[in-house]
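Generate coordinates for the entire structure from the input sequences, incorporating the hints supplied.
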Amino acid sequence: MQMTKSDKQEIIFRFALTLLVLLALNFLLPRMMPGDPFSTTSSDVQGEEVVVMTQEQREYYTHYYGLDLPQHEQFVVYLSNLAHGDLGQSIYYKMPVTRVILLHLPWTILIVLCATALSLLIGVTLGMISARNRKKGSDRIMMAFLISFAEIPSFLLGIIILLIFGVYLHMFPLAGAVTPFAHYNSVFDQAGDIAYHAALPILTLSLAQLTGVYLLTRNSLISVSTKDYIRTARAKGLGEHIVWTRHALKNALLPVVTRTGFMIGILMGGAVLVENVFSYPGIGSTLNSAVVGRDYPLIQGILLVVAVAILVCNLLVDRVYRHLDPRVGE
Amino acid sequence: MRIVSFLEDTAGSAKKIFSKFSIEGKIGVCGIALIVAIAILAPLISGYSPAKITGGSLEAPSSTHLLGTDELGMDIWSQICYGARMSLFIGLAVALIAGIGGGALGILAGCLGGTVDQLLMRSVDILLALPSFPLLIVISAFMGPSIFNVILILVFFSWAKPARIIRSQTLSIKTNTYITAAKNFGATPFYLLRRHILPEVLPVLFVSIISITSYAIIAETGLAFLGLGDPTSKSWGMMLHYATGFKSIYFTPFWQWWLIPPLVALIFLLLCLAFIGRDLEQVLDPRLRQAGGA
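Heads up: the sequence lines are chains A and W, in that order.
Numbering-wise (our numbering), the first sequence opens with residue 1 and increments by one.
Numbering-wise (our numbering), the second sequence opens with residue 1 and increments by one.
There are no misleading hints in this set.
In silico DMTMM-like links for lysine to aspartate or glutamate, alpha-carbon gap of 20 Å or less:
no.: 1; chain 1: W; residue 1: K26; chain 2: A; residue 2: E151
no.: 2; chain 1: A; residue 1: K135; chain 2: W; residue 2: E24
no.: 3; chain 1: W; residue 1: K247; chain 2: W; residue 2: E59
no.: 4; chain 1: W; residue 1: K161; chain 2: A; residue 2: E151
no.: 5; chain 1: A; residue 1: K8; chain 2: W; residue 2: D125
Some but not every residue of chain W turned toward chain A, in silico, with C-beta under 10 Å:
no.: 6; residue: S214
no.: 7; residue: I218
no.: 8; residue: F251
no.: 9; residue: W255
no.: 10; residue: L266
These stretches of chain W come out as covered by chain A in the derived footprint (C-beta under 8 Å, 3 or more residues):
no.: 11; region: 123-130
no.: 12; region: 133-140
no.: 13; region: 223-230
no.: 14; region: 269-275
No lab work stands behind these hints: they were computed from the structure.
Glycine included, each C-beta is placed from N, C-alpha and C at the ideal position.
As structure tokens, this is what we get:
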């Protein structure tokens with residue numbers, strides 16, 4: 001598969017086109033929503049403190065946020081602000097959207113990256129065990145179980161995990177990312193507390209992605225294990241373990257690398273729901289509260305960050321893949 | 001007469017396909033049949049209306065309320081029965097519209113080629129590259145929560161996959177020499193479509209319709225769970241939404257009969273669909289059959 005220059009241009013063109021569609025959608029959608037950001041200006045989520053605005057105040061704020069301009073002018077303003085890294089002012093949190101996102105994004109990145117690492121680790125290990133015992137009972141049982149397991153969507157899995165480990169066994173906290181009002185004696189204490197709170201969301205997300213990695217590793221290993229160089233390695237007298245890890249696994253992991261990029265994308269999407277299950281203060285919970293509060297700029301910002309992250313991941317994977325496999329590319 | 005023989009044919013081939021299913025596939029078919037029966041017979045077997053207050057608040061399961069009641073005193077078993085209607089209806093409606101529509105577009109793109117094909121595949125590429133779930137949340141928030149809107153949005157996001165699969169199938173069928181031969185014998189495009197392309201494409205389309213059904217059910221549940229479902233409907237996802245939204249549900253025993261039933265019902269439904277989908281794929285796709293499912 002030769003990667004020509006026009007292929008490269010094609011990929012970048014597709015990336016740009018998708019980005020543009022996304023920006024347009026991102027701009028238009030919140031504006032078509034029913035209601036406006038000033039219909040419920042309350043200071044807390046429960047909506048117990050509803051401030052009703054007078055007509056003058058409403059007009060003042062509509063003008064202040066530029067919502068009275070024609071749509072196309074708003075779009076131009078939106079794009080030029082975006083180019084300056086300005087995502088606007090969150091109406092609900094009353095601070096710049098970039099800051100709201102920066103406050104919550106690290107939590108999402110934390111659980112997504114940990115979940116990716118964990119599912120890769122477990123998936124590749126299980127895949128190798130399965131491939132080495134191919135056609136034996138343990139392989140069949142493992143495969144049947146994991147395939148069925150993959151059909152459970154991540155947030156339902158999250159509720160089950162929350163019920164088992166949080167509610168029934170009291171092993172993990174039910175919500176949040178840190179213990180409220182906690183004082184830490186050391187950095188390790190703090191890290192421990194964060195890990196303790198992140199454990200269940202990470203477990204949920206990684207279990208949801210496990211099967212994909214497992215199947216890919218297993219199938220890829222099985223097809224690699226019939227190659228000539230594996231026979232050569234065995235003929236050289238290498239031990240079975242080294243043949244499988246050094247020779248087979250190294251070559252079988254290429255498709256897994258591609259998968260990782262897509263996985264991060266899927267996990268970002270899945271995190272939106274899973275965070276809501278565990279009330280984890282990441283970007284997914286924020287998106288939900290922004291939708292409830294009709295906080296246009298915040299919704300736009302979050303959608304943009306999530307979408308661009310997913311697109312860039314896919315683009316990067318393409319690069320990494322070509323770097324790893326010299327047969328692809330110039 | 002033709003309709004009768006057609007029905008007999010369909011029943012016959014369905015029986016043949018069923019006999020080739022694995023045990024899991026058979027469990028899947030029976031499970032779906034059970035859920036469909038519950039959905040259809042809901043008024044008979046539920047005993048209560050799902051939206052009427054028929055008991056005390058949060059009663060534990062008993063002989064009067066099989067699975068207890070929710071916070072407003074509505075019967076949970078009857079909510080499960082009527083919820084099955086919602087999940088199945090949304091799943092099937094989305095899958096049929098998106099599957100048949102996407103399939104038709106795919107065949108069209110494959111047969112016509114040229115600009116139509118380019119344009120269609122470009123949109124498919126973009127649609128598949130967009131992060132669907134965050135967008136789903138935002139779009140359904142803006143369209144307002146109603147069953148119709150949820151179906152519309154889900155169709156918009158799920159027609160691309162079958163379109164792409166069917167297009168590539170159509171293209172590969174078109175290269176066969178028997179198509180050229182048929183053309184030389186004066187076959188019209190419509191004849192080719194009916195006689196050669198459709199029979200080859202339909203099994204694949206059927207498998208993707210089943211996978212869209214589960215996708216739609218999952219997506220509807222996810223949206224409802226976030227509170228973006230139809231508030232007047234009692235779908236299983238809405239039940240999850242109300243139960244998890246109830247303050248301190250995890251500190252009380254209420255989750256045992258309020259949260260577990262919709263959870264179990266959903267997972268059961270999704271597993272059944274997955275079993276059927278996997279077996280159908282193996283029975284209908286000749287290439288997989290040759291590989292022996294290895």
